[in-house]
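4 protein chains.
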Amino acid sequence: MIRRTSPIVLSPLKIFSDPVHGFISVPRRLILDLIQTPEVQRLRRIRQLGVGYLVFPGAEHTRFGHALGAMALMQDVLAVLQEKGTPVTPEEHTAALAAALLHDIGHGPFSHTLEHELISGFHHEKMSRVLLCRLNERFGGALDRALAMFDDAYERPFFHQLISSQLDMDRLDYLRRDSFYTGVVEGRVGVERIIKTMCVHPAEGGPEARIVIEAKGTYAVENFLIARRLMYWQVYLHKTVLAGDHLLRAILARVRGHLEAGTGGGGTTAAPAFLFFLKNRLDARDLDRPDVRDAYTSLDDTDVLFSIKQWQTSDDPVLADLARRFINRDFFRVTFLERPPTEAQTERWRGQVADWLVATGRSEAAHAEADTAFYLGFDASRHAAYDEAEAGSIRVIDRHGDVRELSRTTDTAAVTALTRFEEKPYVCYPKAVELRR
Amino acid sequence: MIRRTSPIVLSPLKIFSDPVHGFISVPRRLILDLIQTPEVQRLRRIRQLGVGYLVFPGAEHTRFGHALGAMALMQDVLAVLQEKGTPVTPEEHTAALAAALLHDIGHGPFSHTLEHELISGFHHEKMSRVLLCRLNERFGGALDRALAMFDDAYERPFFHQLISSQLDMDRLDYLRRDSFYTGVVEGRVGVERIIKTMCVHPAEGGPEARIVIEAKGTYAVENFLIARRLMYWQVYLHKTVLAGDHLLRAILARVRGHLEAGTGGGGTTAAPAFLFFLKNRLDARDLDRPDVRDAYTSLDDTDVLFSIKQWQTSDDPVLADLARRFINRDFFRVTFLERPPTEAQTERWRGQVADWLVATGRSEAAHAEADTAFYLGFDASRHAAYDEAEAGSIRVIDRHGDVRELSRTTDTAAVTALTRFEEKPYVCYPKAVELRR
Amino acid sequence: MIRRTSPIVLSPLKIFSDPVHGFISVPRRLILDLIQTPEVQRLRRIRQLGVGYLVFPGAEHTRFGHALGAMALMQDVLAVLQEKGTPVTPEEHTAALAAALLHDIGHGPFSHTLEHELISGFHHEKMSRVLLCRLNERFGGALDRALAMFDDAYERPFFHQLISSQLDMDRLDYLRRDSFYTGVVEGRVGVERIIKTMCVHPAEGGPEARIVIEAKGTYAVENFLIARRLMYWQVYLHKTVLAGDHLLRAILARVRGHLEAGTGGGGTTAAPAFLFFLKNRLDARDLDRPDVRDAYTSLDDTDVLFSIKQWQTSDDPVLADLARRFINRDFFRVTFLERPPTEAQTERWRGQVADWLVATGRSEAAHAEADTAFYLGFDASRHAAYDEAEAGSIRVIDRHGDVRELSRTTDTAAVTALTRFEEKPYVCYPKAVELRR
Amino acid sequence: MIRRTSPIVLSPLKIFSDPVHGFISVPRRLILDLIQTPEVQRLRRIRQLGVGYLVFPGAEHTRFGHALGAMALMQDVLAVLQEKGTPVTPEEHTAALAAALLHDIGHGPFSHTLEHELISGFHHEKMSRVLLCRLNERFGGALDRALAMFDDAYERPFFHQLISSQLDMDRLDYLRRDSFYTGVVEGRVGVERIIKTMCVHPAEGGPEARIVIEAKGTYAVENFLIARRLMYWQVYLHKTVLAGDHLLRAILARVRGHLEAGTGGGGTTAAPAFLFFLKNRLDARDLDRPDVRDAYTSLDDTDVLFSIKQWQTSDDPVLADLARRFINRDFFRVTFLERPPTEAQTERWRGQVADWLVATGRSEAAHAEADTAFYLGFDASRHAAYDEAEAGSIRVIDRHGDVRELSRTTDTAAVTALTRFEEKPYVCYPKAVELRR
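Order-wise, the sequence lines are chains A, B, C and D. Sequential numbering from 26 applies to the first sequence in the numbering used here. Sequential numbering from 26 applies to the second sequence in the numbering used here. Sequential numbering from 26 applies to the third sequence in the numbering used here. Sequential numbering from 26 applies to the fourth sequence in the numbering used here.
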């Protein structure tokens with residue numbers, strides 16, 4: 026046995042084992058301290074894909090892993106940029122990592138479904154900013170630079186592009202991650218290759234410098250856009266996901282109705298943080314109110330699920346039915362339509378559903394018409410894979426140093442087609458009802 | 026455009042996309058109906074590794090995916106056995122799939138940590154049996170054969186071995202799955218190879234027939250044992266996992282103290298299903314009581330987490346501190362000891378912790394001694410990778426048709442070593458306290 | 026120890042371990058016997074990507090693995106079709122497997138580069154047919170049905186579609202496989218998903234029945250087309266691959282010149298089977314000559330590489346230089362051009378290269394002009410990802426049973442763009458020469 | 026369009042796409058220049074697993090990829106060591122990379138089978154050293170430090186341990202790589218984890234400093250040993266691999282017999298570089314002879330395979346039969362024996378094989394006895410997973426700084442068992458002969 030003569034040096038990095046990216050090294054001090062905050066730990070209780078886990082059994086991953094992953098990719102891309110001659114100071118490095126880690130911190134539970142329901146006009150990026158500011162105060166201004174990058178107010182704007190654009194670390198991580206956990210291998214993006222072909226042009230990285238893709242990365246980027254499109258239509262906007270979204274919104278609307286009418290309906294047995302949002306009609310201007318902030322940061326998936334579980338025993342049979350359906354994954358059917366339904370169609374369908382509600386004892390005849398609002402829904406899925414005109418458009422540099430927006434390069438036959446905005450109307454209704462055309 | 030002349034045949038299988046095994050085909054009728062029961066859907070809200078997700082960020086997967094996975098492997102192994110000449114009737118096929126799907130249905134939230142805390146003498150297999158019986162009643166006896174296989178009362182005992190032995194579909198799936206989600210690649214087991222080398226001996230599969238491994242599979246099985254050992258020490262019994270377990274148990278003990286003393290402590294704001302178990306001192310004989318069964322099947326991770334979140338604002342500073350620590354992953358430190366601590370040591374350490382509790386204002390001097398019970402813990406991790414003597418031991422057939430228990434084959438140098446039971450005592454205490462040796 | 030009472034049944038399947046698809050089960054008798062023929066074993070000595078391994082170090086895989094893989098996918102798709110109600114007889118099953126296994130048996134070494142060089146007007150499919158016929162004779166007509174499927178002369182034409190169309194088992198396997206071995210993850214195709222969505226319409230599978238894709242598979246197919254496009258431009262037509270192709274063709278042309286002129290040049294020390302093709306000017310009508318067939322089936326990568334190695338010491342400095350460059354991977358540079366070069370440009374460049382040949386002592390002044398043929402090349406890469414008009418076009422069935430060609434479905438925004446034929450002219454020249462624009 | 030104001034900086038790294046490790050970055054200048062040498066390019070024509078590709082269809086990978094991979098892991102481990110406080114100079118970094126890249130440069134074709142056949146007393150490490158010296162001369166002494174590290178003559182011996190020990194970059198890469206290409210997933214080693222737990226003790230890295238593993242890496246190392254053991258018995262010493270080895274050696278012996286006897290036998294049509302070794306009886310003292318070195322570095326798999334293909338048409342029916350068997354993978358059978366055969370057994374078996382040779386017309390009666398030497402073989406497979414006493418043993422450091430040899434740590438129950446040397450005798454004979462016990 027050999028006695029150690031000097032103490033083992035504490036590694037300046039803490040290692041997380043991530044199934045997607047392998048080992049992720051987290052710098053100690055600021056970044057690790059941020060991870061330890063309640064705001065970031067809360068992301069461990071918010072599933073990344075909302076109701077998606079009810080369709081893809083493996084998609085139970087949370088926003089916490091995504092936050093770590095986006096930060097890990099930020100490390101990778103900064104290493105690539107430095108290698109290609111763009112200097113990055115240690116302060117900028119830390120700020121960029123912090124911004125990547127915290128960029129989604131404002132997401133709430135079942136965010137895609139609920140954010141507009143809980144606070145009207147809400148956008149999670151605004152809440153991320155509110156929470157970033159709060160953390161910045163708590164950390165004595167250590168996040169000033171990260172905040173500037175987040176706001177696109179930093180003097181070297183390419184940092185903002187890495188945090189928020191059409192080809193940022195957020196998108197690269199979430200596509201790769203969601204593809205991994207859903208088992209949808211076609212959504213797998215060549216993250217490594219795309220990052221390897223990124224550079225800053227001009228290389229010094231001043232106020233005019235922007236992220237560009239070397240021409241050899243064009244196909245990988247095109248693949249990324251197609252993969253993103255596939256993930257939207259096959260995962261994020263999957264018919265059963267839309268059905269789950271509908272059910273969740275219907276439950277909320279029903280509970281709100283009870284709360285406003287002062288009828289019981291079981292609403293009072295819900296989680297306090299959730300009730301706060303159901304009782305108060307908040308809008309985007311309230312985001313910065315301390316009580317809103319506090320309620321928001323204490324709200325997560327467990328409050329929503331716990332509450333819905335309680336509502337299964339509500340004395341309102343409609344609420345009980347909706348809640349039971351959600352918990353036991355007994356969703357309505359979603360059918361895509363070639364065009365939005367006509368008024369005559371919706372009228373006819375509403376009648377059919379009302380009849381069924383009465384026939385099955387769910388509603389009394391007097392309420393059946395009104396109750397169809399919870400059992401029948403119309404909406405449309407919308408997605409554009411790429412917006413050439415948007416600020417965060419993707420630019421490509423060829424070997425002569427010429428820079429073009431992606432859809433203007435000769436190699437991307439398919440990109441223009443992808444910029445088309447697609448919209449698919451759909452109707453959501455009980456499986457037992459056979460809608461007449 | 027071509028009009029279809031006949032309707033598309035509804036596939037007799039429903040497909041689940043699983044990131045671990047790829048596409049899993051679920052036969053419609055009984056098996057799919059079982060998946061739709063509240064008992065099985067509840068597994069979607071119970072994480073497979075309890076507090077493990079707080080150590081391995083990807084390990085957020087639930088027992089639902091594992092149930093599907095074990096069933097999928099059962100399909101695979103039955104196909105292999107049939108190909109090698111062992112007949113399996115359609116009824117046996119369905120029964121074996123059902124038994125694999127339901128084998129873990131009795132697990133509760135944070136099962137590893139809590140099962141003995143909630144119901145003394147509890148074993149999840151007993152509860153699985155209770156729930157299997159309940160489902161069997163509901164399905165009009167359709168699970169009779171599955172139940173017999175589960176109980177090892179079926180006339181062809183090899184089915185029971187596939188459900189419950191030292192090399193069953195349960196273990197093969199959970200090791201593969203937990204390795205996948207934790208990112209601990211060394212735990213990856215060659216499930217496909219092991220299953221391919223399984224056969225029934227004698228092949229007809231009567232009451233004497235048992236599962237044996239062809240000799241060429243010996244190394245793969247040895248690898249499986251080593252991988253299992255590694256997963257125990259690096260994942261299931263990881264120091265930080267043990268620290269999380271300790272904290273969870275300490276919280277429960279504290280709440281129970283309040284409930285029994287009639288002091289408030291915030292216990293009353295908890296989830297009702299959770300409170301049921303905290304208030305009543307139940308033991309294994311109560312499992313079959315309808316109220317216990319009902320409370321149990323409505324209990325999941327959301328109740329536990331929701332309750333702990335509420336207790337963060339308890340007026341008992343100890344409970345509030347413990348709850349806050351759990352929610353924000355501010356665990357105690359676990360240190361392994363070469364041998365169990367002496368009485369003098371534990372006395373000394375208890376004093377240190379008590380002093381710290383007073384100094385930090387957590388306890389009044391009068392209670393500090395008693396409060397150390399929640400801040401200081403002694404226990405030991407235990408694991409044996411393989412038990413040669415156990416009923417479910419692994420047997421190998423060589424090409425002459427001779428069958429030997431695994432550790433008796435010449436090729437498995439390491440197996441005997443693996444049968445050794447290992448035990449590692451440890452102490453758990455606040456990081457701020459520096460224990461004196 | 027237990028004595029076996031009955032011998033272990035020999036499994037009717039032989040298992041191959043394939044890194045791409047996992048375990049591949051090969052039925053014994055005909056299929057395994059075919060694998061054991063010299064014609065199929067020869068594929069073990071022919072790399073799938075020709076010179077590709079000199080660009081992607083992992084791409085050393087041969088056509089043998091691809092043949093097995095295409096056969097394995099045929100097993101998968103037939104299982105899916107049968108499950109959806111299309112009957113397949115055991116004879117058809119075997120024939121389809123044989124046809125998938127043998128579909129590429131006519132490929133020769135560095136096939137992409139050399140097939141037209143060795144035999145003018147050659148097409149590997151014609152040679153595959155010749156060899157299939159030869160095997161059929163040897164196996165006493167056992168391949169009659171496979172041959173009919175290969176020829177699209179079988180009464181149920183969907184089998185031919187699975188063997189040869191724009192979405193056949195060949196393409197699905199080679200894209201997945203080449204993506205795997207090159208490490209180009211973006212080329213990874215969701216083979217499993219595509220196969221799961223295939224069905225025969227109408228389901229009975231008579232002479233009108235064709236393979237269709239269920240609408241839910243549309244995105245996966247679109248992804249397949251994009252992945253194929255990416256593999257073409259990033260792998261199969263990679264600039265360095267083109268440079269390797271050029272060099273190989275230049276070597277052949279130089280040796281042929283010597284053989285025809287009767288000058289030595291080292292040509293005579295080459296592999297006999299290779300020399301046979303260099304000496305005789307063969308064309309497609311000769312494929313069925315027994316001597317051609319024999320020489321062809323004895324020719325593989327080792328003959329080509331062995332010969333080039335010998336030519337490194339040729340007394341012709343040009344041949345020696347070209348051979349040395351190939352063996353040591355010292356390729357010329359390939360530069361893509363915006364348009365084909367003008368006559369003036371090619372004249373100027375030819376002069377530059379001739380000057381360099383003289384200056385470096387490679388050519389005497391008198392031959393320099395002629396020698397530029399080996400050091401300077403013009404060509405164009407061509408690829409169309411999908412041809413909507415081609416016989417093997419892809420058809421999609423929606424849930425109402427309507428069938429449409431892929432580019433006519435509403436969901437495939439990008440497909441039309443992909444049907445555009447792309448052509449990229451390029452020039453290939455020594456790196457030491459700086460071509461003037 | 027934007028004009029570039031400054032030229033794009035040429036990246037100091039060249040990227041290789043490796044299916045095993047992803048992108049491998051190769052520093053330009055020395056390391057890239059070394060890769061471009063004929064000595065390293067030759068590794069592209071030498072399969073890593075010799076005849077292994079005839080058993081595992083995916084195992085067609087060459088020593089070139091392994092050389093790159095070992096170098097890539099060296100980059101990784103040096104980054105880890107530096108992060109933990111062990112300084113590494115740029116010169117040391119380059120030298121260590123060069124040594125890792127070149128460590129196996131002395132391997133020849135079918136090395137495991139042939140090295141002792143071609144040059145008696147040969148060891149590939151000696152030849153690696155010879156070639157390293159030659160390269161060092163050519164590069165003007167640029168490899169002095171790499172050579173010192175290779176020889177364990179460098180002042181900081183931990184570098185040598187990373188190049189050559191029981192846990193070096195060579196082993197880590199080849200196990201990971203061979204597991205990948207064979208599809209034997211159980212052989213997958215947690216390379217990343219092992220490397221992350223390596224450190225130098227004492228950290229400064231002077232002449233006493235050695236590589237140690239942090240205690241938390243113990244299980245990963247144990248897993249590595251078990252995986253290595255499995256790869257030996259299931260891949261490297263697979264029965265069919267042994268049969269291929271036997272056949273290859275029998276062919277060589279037969280050709281040598283002809284060459285020495287001056288009989289034709291077809292030997293003269295072989296590849297010149299291969300004939301050089303068959304004609305001359307060389308031993309280890311000849312390694313440094315220029316003609317031997319030159320012949321050796323021009324020899325690769327293509328020479329061996331080309332020659333065997335020619336010998337298929339030898340007028341010696343035994344040689345023709347053996348050659349045809351090798352090319353068409355028609356191997357003999359290998360059967361493991363419980364103990365080495367007795368003289369009576371070998372005599373009996375020899376008689377059986379001789380009878381079969383005569384009966385099948387392979388041998389005339391007069392030669393049959395002698396010809397059995399080529400058709401019947403006895404040998405034994407040998408492997409020890411770990412040698413605790415060997416110089417390159419593995420040492421573990423616990424958190425108190427105490428260092429112990431691996432098998433002395435309390436956590437590695439199985440390691441002692443693994444140190445046992447295992448030996449399995451076997452016999453190799455034609456499948457048509459049924460050996461009598």
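Do not take every clue at face value.
Claimed, not checked - In silico BS3-like pairs for lysine-lysine, Cα to Cα no more than 25 Å straight-line:
no., chain 1, residue 1, chain 2, residue 2
1, B, 39, C, 241
2, C, 39, D, 241
3, A, 241, C, 456
4, B, 241, D, 449
5, B, 39, C, 151
6, D, 109, A, 39
7, D, 241, B, 456
8, C, 456, A, 456
9, C, 264, A, 241
10, A, 264, A, 151
11, A, 264, A, 109
12, C, 264, D, 241
13, D, 109, B, 264
14, C, 241, A, 449
15, A, 109, C, 456
16, D, 264, D, 456
17, C, 449, A, 241
18, C, 241, A, 264
19, C, 39, D, 264
20, D, 264, B, 264
21, A, 456, B, 456
22, A, 39, B, 264
23, D, 449, D, 264
24, D, 456, B, 241
25, A, 109, D, 39
26, A, 39, D, 39
27, C, 39, B, 241
28, C, 456, D, 264
29, D, 304, A, 241
Worth flagging that the hints you see were computed from the coordinates, not collected in a lab.
Index of numbered hints that the structure contradicts, given in increasing order:
Hints 2, 5, 8, 10, 11, 12, 20, 21, 26, 28 and 29 contradicted; others consistent.
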